[in-house]
Amino acid sequence: MRLREVATAIPALPDNQRQTLLLVSMEGFSYDETAAITGVPIGTVMSRLSRAREKVRTAVSGEQHEPGRRRN
Amino acid sequence: MNDHPHSPNEADLQAFVDGRLDPGRRLEVEAWLAANPDEGARVGELQAINSAIEAAYAPLLERPVPEHLKSPATARVPAAGAWRMAAAIALLVAGGAGGWFANEALGTRSDVEAVLARGAVYAHRTYEAEVRHAVEVPAREEAHLVAWLSKRLDAPLRAPDLSNQGYNLVGGRLLPASNTGPAAQFMYETESGERLTLYVERAADQRETAFRFTEYDGISAFWWKEGPLAYVLIGRSERENLLELARATYVQLNP
Numbered sequence: 224m225r226l227r228e229v230a231t232a233i234p235a236l237p238d239n240q241r242q243t244l245l246l247v248s249m250e251g252f253s254y255d256e257t258a259a260i261t262g263v264p265i266g267t268v269m270s271r272l273s274r275a276r277e278k279v280r281t282a283v284s285g286e287q288h289e290p291g292r293r294r295n
Numbered sequence: 296m297n298d299h300p301h302s303p304n305e306a307d308l309q310a311f312v313d314g315r316l317d318p319g320r321r322l323e324v325e326a327w328l329a330a331n332p333d334e335g336a337r338v339g340e341l342q343a344i345n346s347a348i349e350a351a352y353a354p355l356l357e358r359p360v361p362e363h364l365k366s367p368a369t370a371r372v373p374a375a376g377a378w379r380m381a382a383a384i385a386l387l388v389a390g391g392a393g394g395w396f397a398n399e400a401l402g403t404r405s406d407v408e409a410v411l412a413r414g415a416v417y418a419h420r421t422y423e424a425e426v427r428h429a430v431e432v433p434a435r436e437e438a439h440l441v442a443w444l445s446k447r448l449d450a451p452l453r454a455p456d457l458s459n460q461g462y463n464l465v466g467g468r469l470l471p472a473s474n475t476g477p478a479a480q481f482m483y484e485t486e487s488g489e490r491l492t493l494y495v496e497r498a499a500d501q502r503e504t505a506f507r508f509t510e511y512d513g514i515s516a517f518w519w520k521e522g523p524l525a526y527v528l529i530g531r532s533e534r535e536n537l538l539e540l541a542r543a544t545y546v547q548l549n550p
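Same order as they appear, the protein sequences are chains A and B.
So this note's numbering is basically just the index in the first sequence, starting at one, shifted up by 223.
So this note's numbering is basically just the index in the second sequence, starting at one, shifted up by 295.
For reference, chain A alone in the conformation it holds in the complex:
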């Protein structure tokens, strides 16, 4: 995992996805806390988190995740 690529992919995320990812991954807030902070249901937190990570992963690996395989 190349740090530089992760570090450049994160600022490119949409605001709500970047906020969610950093609250969880960097600040270590629980999903409940993140939901309270961002004022959305926990399901939205989880989907933002998933989308944010998938974008970073795609940016880093250059590989697209097949949408058909995503489960909710």
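Among these hints, one or two may not hold up.
Stated by the list, open to error - To give an idea of the interface, some chain A residues facing chain B are shown, with a C-beta separation under 8 Å as derived from the structure:
no.: 1; residue: Leu272
no.: 2; residue: Ser273
no.: 3; residue: Ser284
What the hints assert, rightly or not - Using C-beta positions, here's what the derived DEER-type ranges look like:
no.: 4; chain 1: A; residue 1: Ala235; chain 2: B; residue 2: Glu539; range: 52 to 62 Å
no.: 5; chain 1: B; residue 1: Ala326; chain 2: A; residue 2: Pro234; range: 35 to 45 Å
no.: 6; chain 1: A; residue 1: Thr281; chain 2: B; residue 2: Arg531; range: 48 to 58 Å
no.: 7; chain 1: B; residue 1: Arg427; chain 2: A; residue 2: Gly262; range: 32 to 42 Å
no.: 8; chain 1: A; residue 1: Ala235; chain 2: B; residue 2: Glu533; range: 50 to 60 Å
no.: 9; chain 1: B; residue 1: Arg447; chain 2: A; residue 2: Pro234; range: 38 to 48 Å
Claimed, not checked - Facing chain A, from chain B, some residues (calculated, C-beta under 7 Å):
no.: 10; residue: Glu305
no.: 11; residue: Ala306
no.: 12; residue: Gln309
no.: 13; residue: Glu340
no.: 14; residue: Leu341
no.: 15; residue: Ile344
no.: 16; residue: Asn345
no.: 17; residue: Ala347
no.: 18; residue: Ile348
no.: 19; residue: Ala499
no.: 20; residue: Asp500
If you're looking for bench data, these hints aren't it; they were derived computationally from the structure.
Think of the CB as a built atom: it goes at the ideal place given N, C-alpha and C, for glycine as much as any other residue.
Take the given structure of chain A and dock chain B to it, following the hints.
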């Protein structure tokens, strides 16, 4: 390939990446990932991204708050939290389009706390004026009340005895809570009819806190977290008096 009853959904996989599944579920997900190598590889990359975020931003978390980011709002949060929060803000501002989030984030800690305290104060206000239906279960059935609420919150509750402070148990009730399941409310009153409530719900995390004071619409509350539970003591008495009651409650709950 996802039809198995134990197949994780996307939220499970995110929680797995964050190390936040309980041990039993984690083992199931691990087994499932081993049987689904494509997903296993993807999840492995997500874990690596998490590690990279920590590595990339760890230095930021150790830096002092930049002078221009200091504000009365940051001064309110505990020191360690303030550094982390300011680091997060600095990062987000540096990342562009973060200005609006800076304002949001400055209130972060108190926002989380506010959800708990506000719910407790609303519950207090709803029932403090009730004459005939102030409680669901009266104090004479205290053993049943405590057992019932403990069962519903899935944690051992106790109704503290505040009679030495002049407050006698009236009874209690079950309430809907913010997002952590049901909450319990124990109600007390003085001879003159002044009411005090102790609101208990499952804490969103296990971080313990000291007493925190908050106030809404003239109603004072002290709240704290201990073990799996968060407590809010609410009343209309003076702050110092309420603090004494909070201490008495805390001592009895943590002998």
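Evaluation of the provided hints:
{"no.": "1", "hint": "Leu272", "verdict": "5 Å, holds"}
{"no.": "2", "hint": "Ser273", "verdict": "5 Å, holds"}
{"no.": "3", "hint": "Ser284", "verdict": "6 Å, holds"}
{"no.": "4", "hint": "Ala235(A) / Glu539(B): 52 to 62 Å", "verdict": "53 Å, holds"}
{"no.": "5", "hint": "Ala326(B) / Pro234(A): 35 to 45 Å", "verdict": "37 Å, holds"}
{"no.": "6", "hint": "Thr281(A) / Arg531(B): 48 to 58 Å", "verdict": "56 Å, holds"}
{"no.": "7", "hint": "Arg427(B) / Gly262(A): 32 to 42 Å", "verdict": "37 Å, holds"}
{"no.": "8", "hint": "Ala235(A) / Glu533(B): 50 to 60 Å", "verdict": "53 Å, holds"}
{"no.": "9", "hint": "Arg447(B) / Pro234(A): 38 to 48 Å", "verdict": "45 Å, holds"}
{"no.": "10", "hint": "Glu305", "verdict": "5 Å, holds"}
{"no.": "11", "hint": "Ala306", "verdict": "4 Å, holds"}
{"no.": "12", "hint": "Gln309", "verdict": "5 Å, holds"}
{"no.": "13", "hint": "Glu340", "verdict": "5 Å, holds"}
{"no.": "14", "hint": "Leu341", "verdict": "5 Å, holds"}
{"no.": "15", "hint": "Ile344", "verdict": "5 Å, holds"}
{"no.": "16", "hint": "Asn345", "verdict": "5 Å, holds"}
{"no.": "17", "hint": "Ala347", "verdict": "4 Å, holds"}
{"no.": "18", "hint": "Ile348", "verdict": "5 Å, holds"}
{"no.": "19", "hint": "Ala499", "verdict": "4 Å, holds"}
{"no.": "20", "hint": "Asp500", "verdict": "5 Å, holds"}
Checked against the numbered hints above, the structure breaks none of them.
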